[in-house]
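Visitor: Below, each chain spelled out in residue letters.
There are 2 protein chains.
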Amino acid sequence: MKALQELVVLDLTRVLAGPYASMMLADFGANVIKIETPDGGDDSRAFGPFAGTESVYFMSLNRNKRSMTLNLKTAEGKQIFIDMVKKADVVLENYRPGTMEKLGLGYDTLKEINPSIIYAACSGFGHTGPYSKKPAYDVIVQGMGGVMSITGQENGEPTRVGASIGDITAGLFAVIGLLTALHHRNQTGEGQKVDVAMLDCQVAILENAIARYLASGKVPTPLGNRHPSITPFEPFKAKDGYVIIAVGNDKLWEKFCNLIGRQELINDERFATNPARTENQRQLKAILDDVFPDKTVDEWLAALDGQGIPSGPLNTVDRVINDPQIKARDMIVETVHSVAGPVKMAGIPIKMSATPGAVENAAPLLGEHTEEILKEMLGLTSEQVAELRGKKAL
Amino acid sequence: MKALQELVVLDLTRVLAGPYASMMLADFGANVIKIETPDGGDDSRAFGPFAGTESVYFMSLNRNKRSMTLNLKTAEGKQIFIDMVKKADVVLENYRPGTMEKLGLGYDTLKEINPSIIYAACSGFGHTGPYSKKPAYDVIVQGMGGVMSITGQENGEPTRVGASIGDITAGLFAVIGLLTALHHRNQTGEGQKVDVAMLDCQVAILENAIARYLASGKVPTPLGNRHPSITPFEPFKAKDGYVIIAVGNDKLWEKFCNLIGRQELINDERFATNPARTENQRQLKAILDDVFPDKTVDEWLAALDGQGIPSGPLNTVDRVINDPQIKARDMIVETVHSVAGPVKMAGIPIKMSATPGAVENAAPLLGEHTEEILKEMLGLTSEQVAELRGKKAL
Numbered sequence: 212m213k214a215l216q217e218l219v220v221l222d223l224t225r226v227l228a229g230p231y232a233s234m235m236l237a238d239f240g241a242n243v244i245k246i247e248t249p250d251g252g253d254d255s256r257a258f259g260p261f262a263g264t265e266s267v268y269f270m271s272l273n274r275n276k277r278s279m280t281l282n283l284k285t286a287e288g289k290q291i292f293i294d295m296v297k298k299a300d301v302v303l304e305n306y307r308p309g310t311m312e313k314l315g316l317g318y319d320t321l322k323e324i325n326p327s328i329i330y331a332a333c334s335g336f337g338h339t340g341p342y343s344k345k346p347a348y349d350v351i352v353q354g355m356g357g358v359m360s361i362t363g364q365e366n367g368e369p370t371r372v373g374a375s376i377g378d379i380t381a382g383l384f385a386v387i388g389l390l391t392a393l394h395h396r397n398q399t400g401e402g403q404k405v406d407v408a409m410l411d412c413q414v415a416i417l418e419n420a421i422a423r424y425l426a427s428g429k430v431p432t433p434l435g436n437r438h439p440s441i442t443p444f445e446p447f448k449a450k451d452g453y454v455i456i457a458v459g460n461d462k463l464w465e466k467f468c469n470l471i472g473r474q475e476l477i478n479d480e481r482f483a484t485n486p487a488r489t490e491n492q493r494q495l496k497a498i499l500d501d502v503f504p505d506k507t508v509d510e511w512l513a514a515l516d517g518q519g520i521p522s523g524p525l526n527t528v529d530r531v532i533n534d535p536q537i538k539a540r541d542m543i544v545e546t547v548h549s550v551a552g553p554v555k556m557a558g559i560p561i562k563m564s565a566t567p568g569a570v571e572n573a574a575p576l577l578g579e580h581t582e583e584i585l586k587e588m589l590g591l592t593s594e595q596v597a598e599l600r601g602k603k604a605l
Numbered sequence: 212m213k214a215l216q217e218l219v220v221l222d223l224t225r226v227l228a229g230p231y232a233s234m235m236l237a238d239f240g241a242n243v244i245k246i247e248t249p250d251g252g253d254d255s256r257a258f259g260p261f262a263g264t265e266s267v268y269f270m271s272l273n274r275n276k277r278s279m280t281l282n283l284k285t286a287e288g289k290q291i292f293i294d295m296v297k298k299a300d301v302v303l304e305n306y307r308p309g310t311m312e313k314l315g316l317g318y319d320t321l322k323e324i325n326p327s328i329i330y331a332a333c334s335g336f337g338h339t340g341p342y343s344k345k346p347a348y349d350v351i352v353q354g355m356g357g358v359m360s361i362t363g364q365e366n367g368e369p370t371r372v373g374a375s376i377g378d379i380t381a382g383l384f385a386v387i388g389l390l391t392a393l394h395h396r397n398q399t400g401e402g403q404k405v406d407v408a409m410l411d412c413q414v415a416i417l418e419n420a421i422a423r424y425l426a427s428g429k430v431p432t433p434l435g436n437r438h439p440s441i442t443p444f445e446p447f448k449a450k451d452g453y454v455i456i457a458v459g460n461d462k463l464w465e466k467f468c469n470l471i472g473r474q475e476l477i478n479d480e481r482f483a484t485n486p487a488r489t490e491n492q493r494q495l496k497a498i499l500d501d502v503f504p505d506k507t508v509d510e511w512l513a514a515l516d517g518q519g520i521p522s523g524p525l526n527t528v529d530r531v532i533n534d535p536q537i538k539a540r541d542m543i544v545e546t547v548h549s550v551a552g553p554v555k556m557a558g559i560p561i562k563m564s565a566t567p568g569a570v571e572n573a574a575p576l577l578g579e580h581t582e583e584i585l586k587e588m589l590g591l592t593s594e595q596v597a598e599l600r601g602k603k604a605l
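Heads up: the sequence lines are chains A and B, in that order.
Numbering of the first sequence is given in this note's numbering, commencing with residue 212 and proceeding in unit increments.
Numbering of the second sequence is given in this note's numbering, commencing with residue 212 and proceeding in unit increments.
Take the hints with a grain of salt, since some may be wrong.
Remember, identical chains collapse to one label, so a pair may be satisfied in a single copy or spanning two.
Said to hold, decoys possible - Quick list of in silico lysine-lysine cross-link-like pairs, DSS-like style, CA-CA up to 25 angstroms:
id : residue 1 : residue 2
1  : K602      : K297
2  : K466      : K448
3  : K448      : K345
4  : K344      : K466
5  : K213      : K322
6  : K555      : K538
It should be emphasised that the hints constitute simulated quantities derived from the structure, not laboratory data.
With the hints as constraints, model all of the structure from the sequences given.
Guide: Structural data, given as structure tokens:
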């Protein structure tokens, strides 16, 4: 049994934030029906890299979903969608605000059709406010939301986070909103609209940077890789890669100095206490930058671990995939795609004891399940489906 | 009415990942009871910056919660906790795996007491696997999970994301797991354990970096701020800050060249098409680096906006707080703390139409609600509470 197995989700989303959200629902068993335009479908089907003809980008975001095509600009397509809304629990979309209204399918219309529908919308700037209708991309909201201004080497340039956290965090908050609305509906029968803006989510993950600025009046700048108040607590370059150490207190400092054979540093007044080490971080870093290249990452980790000093490798993606903990947690999974064959991707980071999620199906081909879904959900016949195809509604 | 208002959450979490998760529940009306050790409570009460005697760091993560003290190492404290579990819906903790078992309060024990309890645990490496018992910090999981290896300037050093996304994404996934479990319980009455590891969450947000590596065999490196396949799509330095532009197609390119008065670039064979611009990105950047310093950020944004060219400022935190869209979306809110007075922090990024969240109460003082909660939940008298205090159980 899966936690969300009875949940019918009409998924109009494309590219990243929305598909990431519906993927989480699908991983826990929701019946996610990906509704795509007949002319190419989700834009990200055309994004590289490819495995043969199939986009690996698309595949890693659309597993466990079924795909049907539907042309919402035709009268017939619109009617099919409305008939599906009557039987659905959730509508999820990440169009620019106003698009669904232009199609005649805005929340105000859909709630008349099904008052218990949960309508979740993910957009760049949200459905209210002066920038609402403006286009947004991950790099724009990472920039506007402040995270780029605090990411980067010390005194260096503001830096984009290498993963698309502008999109992904919006997808996560959208799922939280949608599940919160689902709980309310389970209690009361009432549906509602959930409006999540990528920009808002960037502000929400800034956490203490806002507090730090308001308390100090100092505008936060890129922090580099070190901890602002604990030292040493950062990556160092070993022979074949970086090792991160987190020497959180003076006892660990003593163990660390013994480990590197530099006992004279333990009581060196520049480094004897954590505040002193933080004050003299540059001098300490210069010393340690000379120490770490002596050994490989694996040698360092074994030695640090033996002393109970918190540490870890700075893994490149090839090492992430082969990390024993990540493997043990099933965080790299494989699907077998009907055209592309076996494709690996990230697994499910939520481990549930009674109703575990599962990656059971590879991403669908465009419209692979159109007929199946229309028969199952609306009781259409093959002839009716063929007729709709003739009218370019599918 | 709030979506989660009947939900009783026993919140044993400290510092960041767990408190971030329980804050989201509290924002939507859950009855979050923050259970803290009597000797100082949540470690982050001692983290700067401070407003007077009170930690602003703590305040920005613990609004809308009540605090009670409880010493789980005393027999009386343990019994109180067990009695509370009988009446609770959720237990949330972010101890190192094994800690709750050592206290005699592991999930296997608690589910005997209340089979419908949802037990959500957030830890560095999760409750299974070879690293399970190891300590983790944000910088360690950012390093091990791969995001640092793809963040940074091109050919530059791997870079920590300036916000604590190691903790925060784990908090987000924990809420998703917990609400998914809640839906299952609403259907069946069955509770369960939800186990979320910070490291797993880092893998889950890598998205297409895994696919890119496996499809190409090339280990992803820091990407800098530009888009790998669209150009120009990055920040440029204006007179008083950075402006981000996202020139997504050739029509926008033509508009952009007209706007900057450089019509000769439109059909320059190095830049006429997006693939050509991407191929010759460095030459193009050198040209645009000379163009942008002519105007201020606000002048550029007005001009770009006038031409419909997607763009935005690279806001520092002071500008984030005053951004018109962020203000219009209530993404900066103020609480009035009983000791520290007014404190601003990030608002709620999920806008719900029927059951909106609200930031109604400032963070609690340590143990501020101990007596109130014990009376309300367990029907204790003032005398019994005093007696428990005498036994150091509170």
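Visitor: It remains to establish, for every hint, whether it holds in the given structure.
Guide: Hint by hint, here is what the structure shows:
1. K602 to K297: within (23 angstroms within a copy, 59 angstroms between copies)
2. K466 to K448: Answer is within: at 20 angstroms inside a copy they meet the 25 angstroms cutoff, but 46 angstroms across does not.
3. K448 to K345: between (43 angstroms within a copy, 22 angstroms between copies)
4. K344 to K466: between (57 angstroms within a copy, 20 angstroms between copies)
5. K213 to K322: between (27 angstroms within a copy, 20 angstroms between copies)
6. K555 to K538: Within. Shortest intra-copy distance 12 angstroms satisfies the 25 angstroms Cα cut-off; inter-copy 42 angstroms does not.
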